[in-house]
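Number of protein chains: 2
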Amino acid sequence: MQKIVIIGGGSGSYNLLRGLKRYTQDLTAIVTMFDSGGSAGICRDEFGVLPPGDVRRCLLALSEESKHNLLLRQLFSYRFDKGTGLSGHSFGNLFLTVLKEITGSDIEAIEAAAQILKIKGRVLPVTLDRAHLCAELEDGTIIQRETNIDIPKHDPNLRIKRVFLDSPASAYCEVIDAIRAADKIIIGPGDLYTSIIPNLLVEGVPEAIKDSKAKKIFVCNVMTKFGETNDFKASDFLGEIHKYLGSSCVDVMICNDKQVSAEAERRYAEEHQFQVEIDKDAIAKTGVQLVCKDMIFEPDVIRHNPIKLADAIMKI
Amino acid sequence: MQKIVIIGGGSGSYNLLRGLKRYTQDLTAIVTMFDSGGSAGICRDEFGVLPPGDVRRCLLALSEESKHNLLLRQLFSYRFDKGTGLSGHSFGNLFLTVLKEITGSDIEAIEAAAQILKIKGRVLPVTLDRAHLCAELEDGTIIQRETNIDIPKHDPNLRIKRVFLDSPASAYCEVIDAIRAADKIIIGPGDLYTSIIPNLLVEGVPEAIKDSKAKKIFVCNVMTKFGETNDFKASDFLGEIHKYLGSSCVDVMICNDKQVSAEAERRYAEEHQFQVEIDKDAIAKTGVQLVCKDMIFEPDVIRHNPIKLADAIMKI
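Chains A and B, in that order, give the protein sequences.
With numbering that gives the first Met the number 0, letter number 114 in the first sequence gets 113, and the count goes up by one each step, no holes.
With numbering that gives the first Met the number 0, letter number 82 in the second sequence gets 81, and the count goes up by one each step, no holes.
Isolated chain A, as found in the complex:
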């Protein structure tokens, strides 16, 4: 059975895991721990827990999709839309927060939730250290905390020069072990600066990826994100990954080459977001193998199709 490690967070990881769990049970999700907004941010600030949102999504993705497990899955994904002090909170985040309070440990809380939700595979926080994500914009402005980068309050036309952590964070030991033992390491899909790269800012992670004998696969975003990756082409995404990895170690890059619908294109354009252009020549120069396929589905938002993406990864 292939040992697959995915690195990310957010809905990109959620979709990828839902697809991959059909192909292998030896799945490890390594997730960013720098979320600072919304329900997860409140849990982090008021209870001192690691921000639970990304862990929650990955646990859900890997949980048994049986009828018997349905209610627990619904509980875990429920978000309060009313209630003083409750509105906006994810019940799953509170669930993880209370488990941390009971067990006294973020890791034990995740393991307990994993058991309760009957998950296949593992979800690992990239670090147990508390740090905040920061960004330096092209004009030198420093943006502090992940949520202010993710939902920009600054001029979103300004490009991000670099992201960094406000204090050093070291990789959780099992993260390094999982990366070392992996047959395939999948970076992405997800928001480049707020879901993917934050993992690469953690001490030990880029080195472990570089040293691992695993096939390293980067899944490029389908759309640009305003305030993060304005006008990015596929090679720009790859270039940023390599910049933070500290070496050109990606073996394969997966891109969606199906044109998004005119309707979606129009809606995204209103938000200054566009389909990522696959600039094959520039990618070819990096030596990275390019895999282009129809890989999207379009419910309300454009997402990677879990099955198609997992299928492409398994075939590499």
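Source of the hints: derived by calculation from the structure; they are not laboratory data.
Cβ atoms here follow ideal geometry from the backbone N, Cα and C, with glycine treated the same way.
Some hints could be false.
Said to hold, decoys possible - Derived coverage of chain A by chain B (criterion: at least 3 residues anywhere in the stretch with Cβ under 8 Å from a Cβ of chain B; other residues may be distant): (1) 69-77; (2) 80-86.
What the hints assert, rightly or not - Every beta carbon over 12 Å from chain B, so not counted as near; a handful from chain A, in silico: (3) 23; (4) 119; (5) 203; (6) 238; (7) 300.
Following the hints, complete the assembly by docking chain B onto the known chain A.
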């Protein structure tokens, strides 16, 4: 196997159920639905659910006490001691509230929680109607909402003349069925006017108890409660039960006859609460059989000992 129905709410029912579940699996807890304070009151006011506190306690009492179930039990009994808008909330109450939001029904929420917590027996809300408990004091003052009776803001030296509901409530159909089918019906232990009698204010309940062929057993309180049962003797408790039952149908009354410790006596006296005197002659006149036994344990507060109480009930 004996079919046992208990009627109450609060920590009295919790203790009794923990004892009784060792003797029979055919246990039904009928619980008051008029709690209006604290976490349960907020859930009730802001989400429109039935107040979940008494249901939660009974579910916990009946849940499997295995190592495997420990974390879920701890989750269900966890109370937030911090967090904006969360502090004071019981996680178990939120759990039941979210289950109601997901399933759309209070009953389905209780059944779902019962399944998740692996309970033996059933927990039934006495009514699905929304009503508030009120009390009329001896000076004619009307107190509205259960929490204001339970934690009195009025002069607690005034006796309660009567309690009533602010709007009619009918018994949940399964409550009537359970009472009819019971071999034994246990009323109490618990706070007389806020946990026990409220069940008897629900239309259909007193009639069903009277008509049932079950042995009817009333468990008398060990201590008086200031603001509720000042200076009550055992026969006063029994008299109030009979008043609200509308007929003298109790067969057996169980009283604790072990003297509480001097230390507990002193602490309770500071709160104007005293051990209930068993006035045997007055009880004998009612024709009710009196069972007196050592039935208490004293951790921080004086409670009925689950095993001793259950044992006494099973022997009747």
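How the hints compare with the structure:
| no. | hint | in the structure |
| --- | --- | --- |
| 1 | 69-77 | holds (count 5) |
| 2 | 80-86 | holds (count 5) |
| 3 | 23 | holds, 27 Å |
| 4 | 119 | holds, 19 Å |
| 5 | 203 | holds, 31 Å |
| 6 | 238 | holds, 42 Å |
| 7 | 300 | holds, 24 Å |
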